[in-house]
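Use the sequences and the hints to build the structure in full.
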Amino acid sequence: MKKSFWILASVVIVLLGAAYFLYPRASFGGVQMSEKQFKQVNRSKDNIDVLLQDLNKYKPTSPKTVTKIKQDVDQLIAQNGENLSTADFDKLETAAGDKNGGVLATIEAAQKGHYLIDGDIASVLHTKFSIIVLQSAKSATESDSQAKKVASQIEKDLSIDSRLYKIGIKS
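The UniProt record's numbering puts the first residue of the sequence shown at 1, with every later residue one more than the last.
Hints were generated in silico from the structure; no laboratory data involved. The hints are all genuine.
Label-pair ranges, simulated between beta-carbon atoms:
#1 S34 x K112: 41 to 47 angstroms
#2 K59 x Q79: 22 to 28 angstroms
#3 D144 x P63: 35 to 41 angstroms
#4 L116 x D74: 19 to 25 angstroms
#5 R25 x G113: 44 to 50 angstroms
Below are the DSBU-like pairs computed for lysine-lysine, each with C-alpha atoms no more than 35 angstroms apart in a straight line:
#6 K68 x K170
#7 K57 x K156
#8 K170 x K59
#9 K57 x K99
None of the values given here were measured: they were computed from a predicted structure. Each residue gets a CB set at the ideal place from its N, CA and C atoms; glycine is no exception.
The following block contains the structure:
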């Protein structure tokens, strides 16, 4: 009886160990991550995508479009900033927010001056989005090298460069 219990216990332990090491984990941008991290990456990616969509709908004569962008930025900062250190959160908030020339500050200034997003503004936004994507990736990864890989995949999946370029040439 004791012998069969130990054999059964050993088999269960071996099966659990094999399942842990062989069970496919989530992967994004070539980085293995937990399911929680994977969900964080996808939520961050969705928030960035929504902001890009609403930037594309921006009209200098419609304050509603700026209000929607402000809501997007607030949600992006809150959700994409989870798990970040204070310094990294500040970088995300500065790049996306309404201070120090962030995305929202740039759009609010454009709306105040009643001008479209031209190539120069799109270039500024490109720099800000690079920071936003990297900080968003850091919120779901364990190292800077993993964050760079994830950020690169997010930029590729969302075609951020070409979308900002298209926004810039609309005017």
